[in-house]
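Undergrad: With the sequences and hints as input, model every part of the structure.
In mature numbering (1 follows the signal peptide of the UniProt record, and there is no 0), the protein residues as written are -17 to -1, 1 to 419.
Do not rely on the hints blindly, as some may be mistaken.
Claimed, not checked - With a straight-line cut-off of 25 Å between C-alpha atoms, the simulated SDA-like cross-links for lysine to any residue are: (1) K371 - R292; (2) K290 - D330; (3) K290 - T157; (4) K162 - A130; (5) K64 - S44; (6) K327 - R415; (7) K371 - R325; (8) K138 - V294; (9) K327 - D417; (10) K138 - S122; (11) K371 - P400; (12) K290 - N251; (13) K64 - Q54; (14) K206 - R415; (15) K290 - M143; (16) K327 - C263.
To be verified - The calculated label-pair distances, taken between Cβ atoms and stated as ranges, are: (17) N261 - G349: 25 to 33 Å; (18) R415 - A79: 41 to 49 Å; (19) R97 - R45: 40 to 48 Å; (20) K290 - A79: 41 to 49 Å; (21) R7 - K138: 37 to 45 Å; (22) R61 - G349: 34 to 42 Å; (23) T341 - N104: 19 to 27 Å; (24) S272 - E34: 22 to 30 Å.
Quick caveat, the hints were computed from the structure, so don't treat them as lab data. Remember, predicted model here, so these are calculated numbers, not experimental data. Positions of the beta carbon are idealized from the N, C-alpha and C atoms, including for glycine.
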Amino acid sequence: MRLIFLLCLLQAVLLKADERVTYRGYQVMSVTAGSQDQVDTLNQLQDDNPEVVFFGQPAISRDTEMAVPPQLVAQVVRTMKQTQLVVTLVSGDMQADMDTVMAENEQNELLNNRSGRVLRNGRYSPPHNVYYRMDDVDSIMTNLANAYPDLAVRKQLPLMSELGRNIYYLELGTAGSNKPVIFIEGLAHAREWIVTASLIYSIDTMLSNYVSGDQHARDALNKYTWIIIPVVNPDGYIYTWTSNRLWRKNRKFIAGSCTGVDLNRNFNVDFGNTGTSNRCSSDTYHGGSPFSEAETQNIAQVFDGVKSRVVSFLSVHAYSQLLLYPWGYVGSNFDPSPPANRQKLIDLGRLMQTALATNGRSYSLGTAYGVLGYAASGASEDWALQEKPGIFAYCYELRPATYNAGGFDIPASEIVPTGQELLASLYVLAERMDTV
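TA: Rendered as C-alpha cells:
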C-alpha cells in the first residue's frame, strides 16, 4: 500500500512539473517612463511580482511592455496612476494571441506533412513556414550536412546541456583549415523562437544559393568558415514548447522552486553588475559565477579553439529590431573606455543596418544604453570582443519592433522576411569587414 501511495505521489509531482502555464486573461500593457523614479517603480514592480512578465528592461523614454495576470491588473494600474505612468492596453488576453500563432503553426505542419519533402536546386530544404521543435532542429542540421557534404558539417558541442542533451551546431564553408571564422550563436533565450527559424533559413538559403551560383553566397562560403549554433539553450527551448511559452533562461535547478540562469548574463565580462540580478527567481539571474553553465562554457570552448581565426562574433536575439555593438554593459552615453575599433563597428553596423531594411523594416543601431536606455553585464558579444579585441561583435534583436506587432509570438509567416533581413546583413558583414 505504501509503495502504491509513493508511486501515485511521484506521478502527481511529475504531472505538476509538466503542467502548461496558461496566460489566459493576462493583459499586455505598455508604459513609458519619463523619469528615473518611474523606472525605479517599474523595476520594483518587477522584483516584487515575478508573475508579471516584462518584455524588456524599463528605461527612460522607452516603451516598457509587460504582461499582467488578471489578479494583479487592478494593483498594477493603481501603482501606475500613483506614479503618473500612463498605461496603454496592448492586448486583453495574451493566451488568445499565443493560440492564434500556434494554430497557424500546426496548420502549416499538417500541410507540410501532406506535401512531402521540399527540394531547392535538387537538394533537401527544410520548410520555412513553421517553427521547429528541438528534434526537428537537430534533424534539419543533419539533413543539410548530408545534402551539402562539401559545404556543411554538423558537429557536437563539448558539453551536454544541464538536462543531459547533446547540443549541435553547423560549420559552413568550403575546404580550408586556416580561413577566418564568423561565429554566430542563437537562442540563448528560450522564448525567442524567430531566432532559430531565421538562422535555419539563412543557412539553408546560403547553401542553396552557393550551388546555384549566387555571388554573395559564394564569396561568403569561399572566404570564411561559419560556425553557427542555432539553439544554444535546448532545455529551455523544449520547455517553451511543453510547459511555459515565455520561459527565458536555461533549466538548471538552483534551489527550492527556483530554476534557470540567464545565459546572456553569464559570460565573464563585467559579470554581475548592470542589468542583471542575483535573485534566482529573476529572468536576468546571472548565475553563481561566470561560465557556471554548460551552455555558456560550450560557446567559450569552441570560441577558444578557433580564437586566432575569429573575425566576427554575432549574438542573435529577438525582439525589438536592433543592431547593437559593444559595450553593452556601459550605463551611459559616454563610454570612458570604448572598444579600440568602435568607429569600425559603427561604420560596418550602418551598412548592415541598411541591409536589414531590405524588406522595409527599420532597425536601430547603437549601444544597448544608447538605443534602449539601459545596460546589461555578462553578454556574449561583449565577452567575445574583450577576448579578441578588434573583431566585429554585434548583438541582433530581430523582428518584431513591439508586442503589438507579434512580440515573442510573431507569426510563422514572418520567418522568411526576417530570415531575408538577417541573411542580407550577414552578406554585407562578410563582404565589407575588410574595407571599413
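Undergrad: Does each hint hold? Answer for all of them.
TA: Status of each hint after checking the structure:
1. As the CA atoms of K371 and R292 are separated by approximately 10 Å, the hinted pair is consistent with the 25 Å bound.
2. Of the supplied pair hints, the one linking K290 and D330 holds, its CA atoms being roughly 24 Å apart against a limit of 25 Å.
3. Distance restraint check for K290 and T157: the Cα-Cα separation of roughly 19 Å lies within the 25 Å cut-off, and the hinted pair is therefore satisfied.
4. A C-alpha spacing of about 22 Å is found between K162 and A130, which places the hinted pair at or below 25 Å, so the restraint holds.
5. Between the alpha carbons of K64 and S44 the distance comes to roughly 17 Å, so the proposed pair stays at or under 25 Å and holds.
6. Taking the CA atoms of K327 and R415, the gap is near 11 Å; set against the 25 Å cutoff, the hint holds.
7. Proximity of K371 to R325 is assessed by CA-CA distance (about 14 Å); at most 25 Å being required, the pair is judged to hold.
8. Under the criterion of a C-alpha separation no larger than 25 Å, the hint pairing K138 with V294 is consistent with the structure, at around 21 Å.
9. Distance restraint check for K327 and D417: the Cα-Cα separation of roughly 10 Å lies within the 25 Å cut-off, and the hinted pair is therefore satisfied.
10. For a cut-off of 25 Å, the pair hint linking K138 to S122 stands: about 13 Å separates their Cα positions.
11. With a C-alpha separation of about 32 Å, the suggested pair K371 and P400 falls outside the 25 Å cut-off, and the hint is violated.
12. Only pairs whose Cα atoms come within 25 Å are accepted, and K290 paired with N251 is accepted, the gap being roughly 16 Å.
13. A hinted pair counts as satisfied when its Cα atoms are at most 25 Å apart, and K64 with Q54 qualifies at roughly 17 Å.
14. Distance check on the hinted pair: K206 and R415 sit about 12 Å apart at the alpha-carbon level, within 25 Å; holds.
15. Distance hint between K290 and M143 is fulfilled; the C-alpha atoms sit about 22 Å from each other, no more than 25 Å.
16. Of the pairs offered as hints, the one joining K327 and C263 is violated, with about 38 Å between alpha carbons and a cut-off of 25 Å exceeded.
17. At roughly 28 Å, the beta-carbon separation of N261 and G349 lies within the given 25 to 33 Å, and the hint holds.
18. As the Cβ distance of R415 to A79 is approximately 44 Å, the hint placing it in 41 to 49 Å holds.
19. Checked against the hint of 40 to 48 Å, the pair R97 and R45 passes, with Cβ atoms roughly 45 Å apart.
20. A beta carbon spacing of about 47 Å between K290 and A79 agrees with the range 41 to 49 Å that was offered as a hint.
21. For the pair R7 and K138, the beta carbons lie near 42 Å from each other, so the given range of 37 to 45 Å is met.
22. In this structure the supplied range 34 to 42 Å holds for R61 paired with G349, their Cβ-Cβ distance being about 35 Å.
23. Distance hint check for T341 and N104: the Cβ-Cβ separation is about 22 Å, which falls inside the suggested range of 19 to 27 Å.
24. At roughly 28 Å, the beta carbons of S272 and E34 sit within the given window of 22 to 30 Å.
Comparing the model with each earlier hint shows violations of hints 11 and 16; every other hint is respected.
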